[in-house]
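Peer 1: Chain by chain, the residues:
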Amino acid sequence: GQNIDQPTEMTATEGAIVQINCTYQTSGFNGLFWYQQHAGEAPTFLSYNVLDGLEEKGRFSSFLSRSKGYSYLLLKELQMKDSASYLCAVRDFKAAGNKLTFGGGTRVLVKP
Amino acid sequence: DAGITQSPRHKVTETGTPVTLRCHQTENHRYMYWYRQDPGHGLRLIHYSYGVKDTDKGEVSDGYSVSRSKTEDFLLTLESATSSQTSVYFCAISESDGESYTFGSGTRLTVV
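Chains as they are written, first to last, in the working numbering: chain A, 1 to 112; chain B, 1 to 112.
Because the hints were derived from the structure by calculation, they are not lab data. Since we're looking at a predicted model, the values are computed, not measured. All C-beta atoms, glycine included, are put in the ideal place defined by N, C-alpha and C. Fair warning: there could be bad hints in the mix.
Covered by chain B, per the in silico footprint, the following chain A stretches (three or more residues, Cβ under 8 Å) [unchecked claim]:
(1) 17 to 25
(2) 74 to 81
Heads up, simulated DMTMM-like pairs for lysine to aspartate or glutamate below, C-alpha to C-alpha not over 25 Å straight-line [to be verified]:
(3) B:Lys-57 / A:Asp-92
(4) A:Lys-68 / A:Asp-5
(5) A:Lys-76 / A:Asp-92
(6) A:Lys-57 / A:Asp-82
(7) B:Lys-53 / B:Glu-99
(8) A:Lys-68 / B:Glu-99
(9) A:Lys-76 / A:Asp-5
(10) A:Lys-57 / B:Asp-97
(11) A:Lys-81 / B:Asp-54
(12) B:Lys-57 / A:Glu-9
(13) A:Lys-68 / A:Glu-56
(14) B:Lys-70 / B:Asp-38
(15) B:Lys-70 / B:Glu-99
(16) B:Lys-53 / B:Glu-27
(17) A:Lys-68 / A:Glu-14
(18) A:Lys-81 / A:Glu-41
(19) B:Lys-53 / A:Asp-92
(20) A:Lys-68 / A:Asp-92
(21) A:Lys-57 / A:Asp-5
(22) B:Lys-11 / A:Glu-41
(23) B:Lys-11 / B:Asp-73
(24) A:Lys-57 / B:Glu-72
(25) B:Lys-53 / B:Asp-38
(26) A:Lys-111 / A:Glu-14
(27) B:Lys-11 / B:Asp-97
(28) A:Lys-111 / A:Asp-52
(29) A:Lys-57 / B:Glu-99
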């Protein structure tokens with residue numbers, strides 16, 4: 001099975017930076033995904049990491065260390081609209097169906 | 001322009017009644033998934049499909065069945081709804097390479 005941990009909640013100030021950590025345990029790692037989910041809406045794709053290192057997309061960056069079973073999502077220049085839940089998900093190549101296993105999500109509250 | 005739609009968006013039903021939720025895609029993706037989302041549990045996989053008439057169980061499949069008679073439709077059935085199945089249900093689709101997973105808008109189901 002898989003075990004994915006991320007903090008439940010974080011608070012940050014508009015314009016600041018927030019880093020959301022995700023640790024995972026899996027028998028056959030095959031990719032880590034980050035999703036954003038606003039309250040009452042569907043999750044939307046933010047980033048995908050399969051190799052070690054940093055992937056940058058505008059204000060959002062995602063980092064992966066496979067040897068440590070660790071990833072983080074970095075949100076820079078925070079805006080009020082970034083208040084949402086951020087979901088870490090892992091895919092295991094040993095599992096059929098390309099399916100993702102999700103962590104519990106981190107709710108980020110951006111304050112003025 | 002949504003490539004994935006869920007119906008209904010909201011439903012209230014009584015305990016013991018059968019309920020079917022529909023997921024429809026226009027992307028011709030091979031893989032389809034049903035997740036449920038509850039406070040404190042994140043997204044949990046109920047069932048998934050890797051092709052027409054090819055389905056398998058996820059981590060929380062008890063009380064649910066699925067069918068996929070054509071590529072574009074994936075149905076989730078609660079044979080006899082219980083209050084513990086009150087939840088938000090999300091359908092997702094992915095291509096064979098599994099680098100992109102797209103979620104539907106969700107169905108909010110209340111069992112009274």
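Peer 1: Determine for every hint whether it applies to the structure shown.
Peer 2: Against the structure, the hints come out as follows:
| no. | hint | result |
| --- | --- | --- |
| 1 | 17 to 25 | violated (count 0) |
| 2 | 74 to 81 | violated (count 0) |
| 3 | B:Lys-57 / A:Asp-92 | holds (16 Å) |
| 4 | A:Lys-68 / A:Asp-5 | holds (13 Å) |
| 5 | A:Lys-76 / A:Asp-92 | violated (29 Å) |
| 6 | A:Lys-57 / A:Asp-82 | holds (15 Å) |
| 7 | B:Lys-53 / B:Glu-99 | holds (23 Å) |
| 8 | A:Lys-68 / B:Glu-99 | holds (22 Å) |
| 9 | A:Lys-76 / A:Asp-5 | holds (22 Å) |
| 10 | A:Lys-57 / B:Asp-97 | holds (21 Å) |
| 11 | A:Lys-81 / B:Asp-54 | violated (40 Å) |
| 12 | B:Lys-57 / A:Glu-9 | violated (31 Å) |
| 13 | A:Lys-68 / A:Glu-56 | holds (20 Å) |
| 14 | B:Lys-70 / B:Asp-38 | violated (29 Å) |
| 15 | B:Lys-70 / B:Glu-99 | holds (23 Å) |
| 16 | B:Lys-53 / B:Glu-27 | holds (18 Å) |
| 17 | A:Lys-68 / A:Glu-14 | violated (31 Å) |
| 18 | A:Lys-81 / A:Glu-41 | holds (13 Å) |
| 19 | B:Lys-53 / A:Asp-92 | holds (23 Å) |
| 20 | A:Lys-68 / A:Asp-92 | holds (16 Å) |
| 21 | A:Lys-57 / A:Asp-5 | holds (23 Å) |
| 22 | B:Lys-11 / A:Glu-41 | holds (16 Å) |
| 23 | B:Lys-11 / B:Asp-73 | holds (19 Å) |
| 24 | A:Lys-57 / B:Glu-72 | violated (32 Å) |
| 25 | B:Lys-53 / B:Asp-38 | violated (28 Å) |
| 26 | A:Lys-111 / A:Glu-14 | holds (6 Å) |
| 27 | B:Lys-11 / B:Asp-97 | violated (34 Å) |
| 28 | A:Lys-111 / A:Asp-52 | violated (32 Å) |
| 29 | A:Lys-57 / B:Glu-99 | holds (16 Å) |
Hint compliance for this structure: hints 1, 2, 5, 11, 12, 14, 17, 24, 25, 27, 28 are not met, and every other hint is.
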